[in-house]
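The listed protein sequences correspond, in order, to chains A and B.
Those letters in the first sequence? Residues 1 to 250, per this note's numbering, in order.
Those letters in the second sequence? Residues 1 to 465, per this note's numbering, in order.
All clues stand as given, with none of them false.
Counterexamples of contact, computed for chain B against chain A with all Cβ distances above 12 Å: (1) P104; (2) P124; (3) A129; (4) A178; (5) A193; (6) L364; (7) V372; (8) H402; (9) P404.
Straight-line distance between alpha carbons at most 20 Å, and here's what the computed SDA-like set of lysine to any residue pairs gives: (10) B:K167 <-> B:A131; (11) B:K190 <-> B:D155; (12) A:K140 <-> B:T60; (13) A:K140 <-> B:N255.
Please keep in mind that the hints were generated in silico from the structure rather than gathered at the bench.
Model, not experiment: these values are computed from the prediction.
Ideal placement from N, C-alpha and C gives every residue a C-beta, glycine not left out.
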Amino acid sequence: MTSPVSVSGLTKIFHDESRGEVRAVDGIDFECKGGEIFGLLGANGAGKTTTLRMLATILLPSGGHATLMGHDVAAEPEAARHSLGFYSASTALYPRLTPRETLDFFARINGFPSDRVNERVTALVARFGLGDYADARVDKLSQGMKQKVSIARTVVHDPPILIFDEPTVGLDVLNAIEMRNVIAEFRAEGKTIIFSTHIMNEAEKLCDRIAIIHRGRIHACDTLAGLREATGHHYLEDIFVYYVEQANGH
Amino acid sequence: MSGDDARLARTRNAVGWPRACAGRLDVLNGETMADIPSRRLHDVWVLYRRELRSALRERTIVVNSVLIPVLLYPFIMWAMFTGITFVQGQTEGFVSRVMVTGWPQAHAELKRNVERDKRIQMMPARDLATAQRQLKTGDLDAVAEFAGGATGLADNFTLRVTFNQSKERSAAARDRLAAMLDRYRQAWLKREASSRGITPANWQLFALESRNTASSRQMGAFLLGMMLPLFFVIMVAVGCFYPAVDATAGERERNTWETLMTVAASRGSIVTAKYLYVATLGCVAGLLNLAAVTLTIKPILSPLLAGTGESLEFSVPLGAVPVMAAGAVLLAGFIAAGMMIFASFARTFRDGQSMITPFYMLILLPVMFLQVPGIEFSLGLAAIPVINVTMMVREAISGTFHWPQIGLTFAVSLAVIAALVRLATFILRFEDVMIGSYSGSLATFFRERILQGKKSARGAEGIRR
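Kindly produce the complete structure, drawing on both the sequences and the hints.
Spelled out as structure tokens, the structure:
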């Protein structure tokens, strides 16, 4: 049985004028199963966002393969994107559209059956409590409301795979908790979720399996229990430091 | 189970996806090749509608693409012609203060004529030095001195008028004296000829009689043809300008570019929708401007024409309307593609504006050259982008249709548009340009990626085929 997300030897090389060739992602492998939250845990600049951007087909891999629902992200980018909802701090909303128009647009452009779009939009407006603001322009909404619209936008076409790239960055505690609860709900609905973070607490609470990524390479990938057993450390922070030090040759 | 759901189920089974997660239509799976063009069209339509909906809520775009084309040139023309009428009225209204010396005895009638003219005020005679000083300070408008005639005949005279050409009042005083003298001379000659039994027709041996065969409608079309093409190009360019920046750099600045990159539409559909959106607003701006100027020029010009006895009719022949509409589409198509190529490299709105401005100036230059009188719409001109459409519109307004030139204009414009769109698509295949991380300009891009063929240039490995 093919995994919804399968990554093999995925590599991304950038050419930087001052640093020369930079291997931002260096031959990583992992698979994600249906109904699990797969965490990518790494420090800033570890290669999390580049990996997720390749999965979202924003960046073209320099090497290796990745498939979403069996579609190769390099060879069939449109088919791969059909199966995907992508959320990150850099995926903003159109400020001059209303939440209802935003959801309608993303549902239609992502191939949701047009005769069911209205029903789907209405359901998401109700689910995320957007009713009072559904017809106000997005640029008039509060940060919390924008976040809800963004999540609804990500899932409006009901994709089987969801990517959340550091979704709680910049959110206050309550909004961050709400975000984590929503992600957990999506897992309960059977979605495959890839969740990147550098916050240990979040990964501990939310992820079914965690991949520790450092300098473009995955150094460990297991459940929290498995990582504890392998390292002899209890806290994820200690586990993370253990692998980073090992990678740095300490 | 609906057809959509059946296709979905097949997809899920193919990849071993658990049924619990089913619930969406994966359009690409189970889709035949024949379905792909219609899906692309659907995507372009959805994206295009989104672009337009957003744009029509942006004040800058509405002002530049709708309000300015409708209001700006009618307002500028109104202000200009009202200004001219006002200045003319002012000039007509004031009295010329003139000092005259040495009135000839034999021409007392001339003196009476000047004294009767309410627009001329005779100032007391002073010495010439004082008069010159007053002329300089503006207390006097002209000094007229009668002297003996050059032929030596007793009744002949020369009127020497000293005035200041740089002053409106002074120049008007000189003109009034010259007109007065001319009328007096004609009357004098007529009277003298008559006393000798010669009719004016006999002593005016050579005469000019001109007849204007142009109808008031043709004269109106001529004037419109001089003005409209220039306004038209400017307005199409203004109409495209902000949408082109908004659709590229604006998206990057608002962080919506990456959101758009993750939708299931192809990159080609995204670029096509953006291009059509920019071209639509340019086309709308051009057509609105043509309509606004055509409809408002008559009431604007009527005060100016009131005193001349001229009657002009400003209307566009019905046959010109489709040609003008096609011209707007071609011009907007060309300008939109050009502007989007330049704006593709911009990361902020300000970047976009400065990158597009040279292209904007470039397309206006040849149109200035068209104001030179006597230029014919030749096959050579029909092969030059922008100029060809401008000439085609100019001729259509006056009811002239040179079909070979029009055909060539269409062929050249469509070929150039196709080449530019292809170039835009080629440029946007480079990953770093597409995601906005390329820091160079169009010129740098050509130097690095085309001329030098640098394979290792940033992002060169990220070209989507």
